[in-house]
Amino acid sequence: MMSEKFARAGDYTAAEAMIVYGARMLAPFDGKIGIIGIGAPLLATHLAKILYCPDMKMIVETGQADADPEEVPISIMDSRLTYGSSWQMGDPEGLFPLVRGEVDFGFIGGAQIDKYGNLNSTFIGTDYNKPHKRLAGTAGAVDIGGFAKATIITMAHQKRRILEKVDYLTTPGWMVKKWPEGTMVRREEVGLPGGPIAFISSMGIMRFDDETKIMYVDRYFSGVDPKTIKENTGFDIDISRAREADPIEREELRVLREVADPLNIYRTR
Amino acid sequence: MKKSKVVSLTEAMQEVHDGDCIAMGAVVEDRRPVAAACELIRQGKKNLIILAECSLSEDILVGGGCVSAYRGTYTAIGAFGISPCTKRFAEEGKVVVDDIGHIDVCLGALATMAGAPFIASRTTLGTDVLNPAFDNVAKIRNMARNPETLPAKKYVLIEDPFYGMGTVQLHPAMKFDVFINHVQYAGEEGTVRIDGSLVFDHFAVHGAKKVIVTAEQVVPEEYLRRDPNRNQIPCTSVDMVVEVPWGGHPGQVYNFYDMDIPFMMDYVNKAKTDEGFKKWADEWIFDVKNHEGYLNKLGAARLEKLRALPPYGYRPRTKGGAK
Amino acid sequence: MAKIKLVPLREAVEVIRDGDVLFLGSLIESRRPMAAAYEIVRQGKKGLILLAECSLAEDILVGYGCAVAWRGCYTGMANFGLSPATLRKIETGEFIADDIGHIDIILGAMAAMAGSPFVATRATLGSDVLNPDYSRVGQIRKLARDPDMIPREKFILFEDPFYGEGQVKLQPAMKADVAIIHVQQAGEEGTARVEGPLAFDHYFIHAARRVILTAEQVVPEAYLRRDPNRNQIPCTSVDMVVEIPWGGHPSQVKGFYDVDMAFIRDYVKMAKSESGFQQWVDEWVLNIESHDSYLDKLGAGNLERLRSIPPYGYRPRKTCAGIA
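So the protein lines, in turn, are chains A, B and C. The numbering used here puts the first residue of the first sequence at 1, with every later residue one more than the last. The numbering used here puts the first residue of the second sequence at 1, with every later residue one more than the last. The numbering used here puts the first residue of the third sequence at 1, with every later residue one more than the last.
The following block holds chain A by itself, in its conformation from the complex (with noise of 0.2 Å):
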């Protein structure tokens, strides 16, 4: 029975992984208010309201109000989101929850993150004029990150995503700079509430210690040796308290593949 009920390791990608643990991040979140980003947690938001937390009031960044897509938005101003919300305005009334402190969650991606829960989607390199790489922007990931009282992040492990430090701190954790001088300190010194409670990777889920506010695996997926994992990380992560993740379900599998992104728009596969 074990075997029809669960996906093995290679029946399906590290991709697809990323958005069923992700979806499964949100079951707790029925009823709750939550801030979806753009690219991978829109797709792992829907497969969450399929399959999870049906009435968890997604708002968007670009006005929508309890939006409910009947098909997998490609982005977040996709008319997919408007079609049956509540209201449909713009970016401030959009965004302006979050600032009051409405907004039970927040679910987005990045380029870098640090041991801190820290994020850049801004740029890679040490010249800001000149960058080596040139990133998305803050986006709404400044304000997701800053405001909303739990932050969900997925991006994929890479040693070279996730460091002792970024580059650019585009989205607040736990460990913010404040301003004139630059100097860390904790993310309530500057007035932000909430802060980063998960971080999903393509190989497990990360969490942060209640003191230390830094980084550990928490959960590795089936078939990832959590030595991997610290060996794909930029900093000496803790793994001690890894366990292995309950595994991928073929029912999950298969809603994502067949109705949750039937033409693979994400490129998950």
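Just so you know, these hints were derived from the structure itself, not from any lab. Ideal placement from N, C-alpha and C gives every residue a C-beta, glycine not left out. Heads up, a few of these hints could be off.
[To be verified] Heads up, simulated SDA-like pairs for lysine to any residue below, C-alpha to C-alpha not over 20 Å straight-line:
| # | chain 1 | residue 1 | chain 2 | residue 2 |
| --- | --- | --- | --- | --- |
| 1 | A | Lys-133 | C | Thr-92 |
| 2 | A | Lys-178 | C | Glu-165 |
| 3 | B | Lys-2 | A | Ile-50 |
| 4 | A | Lys-133 | C | Gly-81 |
| 5 | B | Lys-94 | B | Ala-144 |
| 6 | B | Lys-209 | A | Asp-104 |
| 7 | B | Lys-210 | A | Asp-104 |
[Unchecked claim] To give a feel for the contact side, a few chain B residues facing chain C, derived at Cβ under 8 Å:
| # | residue |
| --- | --- |
| 8 | Leu-107 |
| 9 | Ser-121 |
| 10 | Pro-151 |
| 11 | Glu-159 |
| 12 | Pro-161 |
| 13 | Ile-194 |
Since chain A is already given, all that's left is putting chains B and C on it; use the hints.
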């Protein structure tokens, strides 16, 4: 299962606590939550702090002894003159008044919607709105059940560092414990469609801890969601929905009914004195027991003569109506 | 007699002057003023300063060298990847980026709408948006035709005197010389009805000195005025109206057509290199005489496959074989 937010008027008004900072939606005599105001008086609320304006629905609350202070921009009822109870109570020192500008109210609600503590403005510069001798904010703050709903200061003047606009006023956010809004349509989950002016309701619903909507009609949520661009208040910002047909009478509600001019004139006339107001309140609030009693007393025929006509949304005066 | 504001696209785009601060309406790949962006390229505008984002419409302006700087929050195109020309030009130092937050842009436009010089916020506190080393505002101010369109400072930190929120940021107003917004329907006097997300358009139309609307359909003004609560842009804020069916292609326009994924993927691929971009812009912009020729080149059959259907306002993917 989606949660229905529909409750009775009695139940909804129980959410208002003595000493709360409240605002009532729309302005003057249009789309005012009058039925809600009458129910607050029946429930004997005390020490409410009224924000934004003291016009038709607020003046009834003042007359009913529910109000201890007011911060806002307007204490009149359009063509019907100065709000009679507000005038009397202010002159007798029974209601503390703190005057600010109309744009100040808009900016205050806008700042709250944006989650911003303040916004810069050139409004009211050069006027006595900024006169420290007329600043009652500290006094009103002490009267509030939640003092932190009100700002620690009325305003601060600073030099604009960005565009050389000179000295500007930092205007604090305007927050509400409860915002009561009368609208044309609400869905059972709280999505709202308004016809006519939004006034500052579309800002204020995001600046209140609790939002109560009284609606002429509660319609299927799904119907409103067929055109999200036509809705002005999202379900996510509404706590309670009450169906109250004619809930804005004697004011007008665009596309539903026109103003009941004789009723308004009778009110402003009677409310000029304490005894007059008491007589009016006995007749129209207490003796009728509830909103249905109020409607029955008005009579179906009288209401029919107020009903708005398409395509106007009001009752053209040359074609009959309230006279 | 009410003023008729209808003009041809060429005439509307001629009001943009080199060095202007320009806002292009909506976001990413939805309701973008693409036809207007192509015309800006054809007219060879120079020195433009872009606001808000560098996505589909703006990337073409950056690629062709019409724009020199940008203040905003996003240089990507959602699922299609990062904005290829913008990336290239920022990495070579040819194009100046001044990064701010998404809420910063909104508050900037909101302050401008309210006639306020600034608004207080906690947005971006703790992040490198506040890093003084990364502020390019002074430099951008010098590049602007009218420097007073750009604030003297990027931000100021200030103690909240009202609600004890601690140190907050004063965020300056964000103003534009010209805003170009693509909408579903506009009346001949400029009243406009938008379907789907408004993005920041309902703020920026009040933050710009001149507002140009390009519309899928110009409809009788009187028709739009039958339901004023359904309109988002008032005639009093609009200077010019241009009718351009499919003027947002390859982006999506709710109620009219869905996104042309193949076209955008092709653009993103081509624009990754200077020569690829040049080839693309020759084919789709410079060697095309008019918007009519652009549509004919796309082909009526292809366009029909993108047309949205009721009640969705988009094209459900199972009915649009060949698009994905």
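Evaluation of the provided hints:
no. : hint                  : verdict
1   : Lys-133/A / Thr-92/C  : holds (10 Å)
2   : Lys-178/A / Glu-165/C : holds (15 Å)
3   : Lys-2/B / Ile-50/A    : holds (15 Å)
4   : Lys-133/A / Gly-81/C  : holds (13 Å)
5   : Lys-94/B / Ala-144/B  : holds (15 Å)
6   : Lys-209/B / Asp-104/A : holds (16 Å)
7   : Lys-210/B / Asp-104/A : holds (17 Å)
8   : Leu-107               : holds (6 Å)
9   : Ser-121               : holds (5 Å)
10  : Pro-151               : holds (4 Å)
11  : Glu-159               : violated (10 Å)
12  : Pro-161               : holds (5 Å)
13  : Ile-194               : holds (7 Å)
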